[in-house]
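Protein chains: 2
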Amino acid sequence: MSCEFKGSVERPAAGEIPEINRYFRAVGPKSSPLAAAKGKIMKRRQFLRAAGLGLATTAVAKPAIAQSMPELKWRLTSSFPKSLDTLYGGSEVFAKAVAEATDNKFQIQVFAAGEIVPGLAAADAVQSGSVELCHTASYYYFGKDPTFAFGTAVPFGLNARMQNSWWSFGGGAELMNEFYKKFNIYAIVSGNTGCQMGGWFRKEIREVADLQGLKFRIGGFAGTMLTKLGVVPQQIAAGDIYPALEKGTIDGAEWVGPYDDEKLGFQKIAPYYYYPGWWEGQAMGHYFLNLNKWNSLGPTYQSILRSAAALSNEWTLAKYDAVNPAALRRLLSGGTQLRAFSPAIMDACLKATLEVYAEVSAKNTDFKKVWESMLAFRNEQYLWWQVAEFTYDSYLIRTRTRV
Amino acid sequence: MSCEFKGSVERPAAGEIPEINRYFRAVGPKSSPLAAAKGKIMKRRQFLRAAGLGLATTAVAKPAIAQSMPELKWRLTSSFPKSLDTLYGGSEVFAKAVAEATDNKFQIQVFAAGEIVPGLAAADAVQSGSVELCHTASYYYFGKDPTFAFGTAVPFGLNARMQNSWWSFGGGAELMNEFYKKFNIYAIVSGNTGCQMGGWFRKEIREVADLQGLKFRIGGFAGTMLTKLGVVPQQIAAGDIYPALEKGTIDGAEWVGPYDDEKLGFQKIAPYYYYPGWWEGQAMGHYFLNLNKWNSLGPTYQSILRSAAALSNEWTLAKYDAVNPAALRRLLSGGTQLRAFSPAIMDACLKATLEVYAEVSAKNTDFKKVWESMLAFRNEQYLWWQVAEFTYDSYLIRTRTRV
Numbered sequence: 002m003s004c005e006f007k008g009s010v011e012r013p014a015a016g017e018i019p020e021i022n023r024y025f026r027a028v029g030p031k032s033s034p035l036a037a038a039k040g041k042i043m044k045r046r047q048f049l050r051a052a053g054l055g056l057a058t059t060a061v062a063k064p065a066i067a068q069s070m071p072e073l074k075w076r077l078t079s080s081f082p083k084s085l086d087t088l089y090g091g092s093e094v095f096a097k098a099v100a101e102a103t104d105n106k107f108q109i110q111v112f113a114a115g116e117i118v119p120g121l122a123a124a125d126a127v128q129s130g131s132v133e134l135c136h137t138a139s140y141y142y143f144g145k146d147p148t149f150a151f152g153t154a155v156p157f158g159l160n161a162r163m164q165n166s167w168w169s170f171g172g173g174a175e176l177m178n179e180f181y182k183k184f185n186i187y188a189i190v191s192g193n194t195g196c197q198m199g200g201w202f203r204k205e206i207r208e209v210a211d212l213q214g215l216k217f218r219i220g221g222f223a224g225t226m227l228t229k230l231g232v233v234p235q236q237i238a239a240g241d242i243y244p245a246l247e248k249g250t251i252d253g254a255e256w257v258g259p260y261d262d263e264k265l266g267f268q269k270i271a272p273y274y275y276y277p278g279w280w281e282g283q284a285m286g287h288y289f290l291n292l293n294k295w296n297s298l299g300p301t302y303q304s305i306l307r308s309a310a311a312l313s314n315e316w317t318l319a320k321y322d323a324v325n326p327a328a329l330r331r332l333l334s335g336g337t338q339l340r341a342f343s344p345a346i347m348d349a350c351l352k353a354t355l356e357v358y359a360e361v362s363a364k365n366t367d368f369k370k371v372w373e374s375m376l377a378f379r380n381e382q383y384l385w386w387q388v389a390e391f392t393y394d395s396y397l398i399r400t401r402t403r404v
Numbered sequence: 002m003s004c005e006f007k008g009s010v011e012r013p014a015a016g017e018i019p020e021i022n023r024y025f026r027a028v029g030p031k032s033s034p035l036a037a038a039k040g041k042i043m044k045r046r047q048f049l050r051a052a053g054l055g056l057a058t059t060a061v062a063k064p065a066i067a068q069s070m071p072e073l074k075w076r077l078t079s080s081f082p083k084s085l086d087t088l089y090g091g092s093e094v095f096a097k098a099v100a101e102a103t104d105n106k107f108q109i110q111v112f113a114a115g116e117i118v119p120g121l122a123a124a125d126a127v128q129s130g131s132v133e134l135c136h137t138a139s140y141y142y143f144g145k146d147p148t149f150a151f152g153t154a155v156p157f158g159l160n161a162r163m164q165n166s167w168w169s170f171g172g173g174a175e176l177m178n179e180f181y182k183k184f185n186i187y188a189i190v191s192g193n194t195g196c197q198m199g200g201w202f203r204k205e206i207r208e209v210a211d212l213q214g215l216k217f218r219i220g221g222f223a224g225t226m227l228t229k230l231g232v233v234p235q236q237i238a239a240g241d242i243y244p245a246l247e248k249g250t251i252d253g254a255e256w257v258g259p260y261d262d263e264k265l266g267f268q269k270i271a272p273y274y275y276y277p278g279w280w281e282g283q284a285m286g287h288y289f290l291n292l293n294k295w296n297s298l299g300p301t302y303q304s305i306l307r308s309a310a311a312l313s314n315e316w317t318l319a320k321y322d323a324v325n326p327a328a329l330r331r332l333l334s335g336g337t338q339l340r341a342f343s344p345a346i347m348d349a350c351l352k353a354t355l356e357v358y359a360e361v362s363a364k365n366t367d368f369k370k371v372w373e374s375m376l377a378f379r380n381e382q383y384l385w386w387q388v389a390e391f392t393y394d395s396y397l398i399r400t401r402t403r404v
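Chains as they are written, first to last, in our numbering: chain A, 2 to 404; chain B, 2 to 404.
Do not rely on the hints blindly, as some may be mistaken.
A pair holds if it fits inside one copy or across any two, identical chains being indistinguishable in the list.
Claimed, not checked - Below are the DSS-like pairs computed for lysine-lysine, each with C-alpha atoms no more than 27 Å apart in a straight line:
#1 K369 <-> K74
#2 K145 <-> K248
#3 K145 <-> K352
#4 K248 <-> K216
#5 K83 <-> K294
Keep in mind the hints are simulated off the structure, nothing from the lab.
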């Protein structure tokens with residue numbers, strides 16, 4: 002078959018391996034940036050062990066259903082329209098699981114973006130208590146404070162598995178919920194898109210100079226980085242992107258990936274489809290709960306929400322992974338031109354990104370603290386990732402058509 | 002830094018991309034192997050929509066706690082010892098979530114391997130009903146029928162995200178539960194290890210001939226493939242591997258990855274640590290439930306088990322990802338020599354694997370059906386994976402130390 006992707010999937014050169022060995026030995030055993038995570042795991046182990054003993058000895062304890070399972074009817078406002086069935090659908094999976102687990106005593110009614118408040122006002126509605134919770138992307142609120150970006154995705158950040166791991170075991174949940182507390186918010190992970198695409202362009206982007214003056218719709222914090230390269234970033238809601246791109250008000254637009262982008266129709270008006278979305282190696286969604294409402298729940302309902310959110314987290318990424326390949330096939334067979342950002346463009350974007358991290362860190366201690374946590378975690382993760390995961394994926398990409 | 006991994010992470014060559022475009026167009030729009038998955042998604046959407054309407058109209062329905070939440074005390078036998086705290090710990094996370102969600106009405110007591118039955122007899126204990134459920138690796142039972150292997154991992158199969166996606170949206174859960182029904186078992190996903198390592202060897206494995214006569218401890222179905230290359234596969238339980246390797250009764254052993262392998266102490270007696278574990282690009286764990294017991298549960302408890310399992314699925318992989326990097330650092334700084342299986346060895350193993358798939362498929366229709374489903378899914382997944390995910394990971398592996 003002609004679609005081997007040889008450029009990126011060279012076999013590991015035997016000569017490289019001893020270098021890794023030398024590096025590891027040179028670094029030696031040292032205090033790991035994961036020490037905190039390990040401490041947490043140990044504490045959790047002790048807790049679980051205690052809980053296990055508790056189970057054994059409290060087997061005859063009377064359940065107190067009345068107090069622990071009050072009848073509740075909450076409203077969830079989504080930042081997403083119903084047409085984006087994977088993002089929006091995650092909330093439905095979540096609400097359904099909560100209702101089932103409580104025999105309909107705890108009901109969460111899901112409203113699409115705009116039905117109660119606009120999609121980008123979801124967090125404000127939660128903060129003020131006008132709804133109990135929302136389903137949103139934390140980075141929509143980076144204008145309030147760029148620290149919000151770490152909840153969803155930051156340029157050259159983690160991939161999807163790493164973000165889950167950082168959140169649960171790398172201190173991410175603790176750091177972010179400490180930060181969200183300032184906004185009267187408690188966050189639970191809701192799902193992930195996986196690595197996103199770099200977006201749709203009316204003209205080819207061949208070199209760094211092609212970015213100069215480019216009007217580009219981009220979500221979240223990455224617009225700040227692109228500004229350094231001359232891009233004029235545009236914040237435009239999902240439904241308004243197509244007409245802007247069609248009229249030429251903007252020159253390009255990124256959304257998510259093949260499945261969602263195809264629904265928005267960009268392929269009809271912008272032939273070049275770039276990858277990777279270096280500003281979204283993954284994108285994690287969250288349920289933002291009003292902190293007072295979250296604290297008002299007993300441990301039973303808190304636990305039920307957490308498990309139901311894990312179900313929607315699993316569901317969302319699994320669905321994106323399942324539906325993206327066929328969508329990419331359809332787009333490309335319809336004439337879309339797939340392009341990789343050139344190494345020079347990637348390097349210029351990385352340089353701009355690192356400058357922004359340094360600048361914002363110098364004046365925002367929350368941002369600095371979270372970025373340092375994520376950066377240390379990322380570098381450890383990729384050191385390990387390149388050994389087993391990446392080598393396995395490389396080999397399968399090269400050989401998948403050998404049957 | 003000297004640990005760049007240039008061999009595997011070449012930048013995408015611009016000339017390759019048009020080739021992909023051509024391939025896609027040549028293939029054209031066709032009936033996708035994911036059509037079935039999509040149909041399922043649509044059905045689920047309709048179901049969710051119906052459920053959503055149900056929520057709105059049944060808001061005043063009285064909950065029937067007494068019938069839907071009976072007091073239950075179930076026993077879970079794990080195939081894993083407590084010392085493997087990530088595998089074993091997943092069951093504790095699961096049991097704790099179930100107890101919390103039900104205010105202790107549904108209690109699942111977790112027993113380590115050997116406390117009720119040996120680790121490899123867990124499925125039998127579930128089948129016979131002597132315990133209600135177990136936590137195990139499906140491929141332990143490939144001797145009963147090799148179709149069991151697809152539940153956990155098969156050589157040159159999926160990676161962790163792909164396996165989750167295949168299970169939920171690629172027909173995996175339906176195919177496997179149809180098969181498990183023959184053994185009176187219903188399976189729910191419990192967790193994943195991520196891509197495993199290729200194991201520990203007392204001598205270097207430089208070429209295919211070095212495999213001849215090698216006594217190698219290996220779990221699951223992959224021993225069948227290795228037999229074709231002259232390896233003498235050994236099925237040895239976790240606790241017995243170290244003494245066998247120390248005495249030279251075996252020449253090598255694989256277990257999971259850095260964190261678990263370090264606990265078993267292989268680094269003290271076998272200096273060469275190979276990657277990748279091509280027989281376990283991921284390894285999915287399951288809760289196997291006695292089918293009659295599963296069917297005896299109402300929708301409330303079934304839903305609670307499913308959500309709690311999603312929590313342990315998320316927890317297990319996130320923990321492995323968090324703890325493996327530091328373990329690898331410790332191993333390598335202690336003198337372990339990291340080695341990649343050579344391209345010639347990988348190719349010989351792939352060839353042997355494809356022969357086994359063909360041979361077993363010719364005489365086992367269940368096996369054939371599941372392998373064809375997984376193979377079609379895998380090939381679609383890697384076609385898409387190489388575009389955004391792999392390019393992103395490549396770039397981060399190369400540049401992660403640029404700060």
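Quick rundown of the hints versus the structure:
1. Taking the shortest Cα distances, K369 and K74 never come within 27 Å of each other, neither inside one copy (39 Å) nor across copies (48 Å).
2. Taking the shortest alpha-carbon separations for K145 and K248, neither the intra-copy value of 31 Å nor the inter-copy value of 64 Å comes in at or below 27 Å.
3. Within a single copy, K145 and K352 get their C-alpha atoms as close as 25 Å, which meets the 27 Å cut-off; across copies the closest is 56 Å, which misses it.
4. For the homomeric pair K248 and K216, the shortest alpha-carbon distance inside one copy (12 Å) is at most 27 Å, but the shortest distance between copies (68 Å) is not.
5. For the homomeric pair K83 and K294, the shortest alpha-carbon distance inside one copy (26 Å) is at most 27 Å, but the shortest distance between copies (37 Å) is not.
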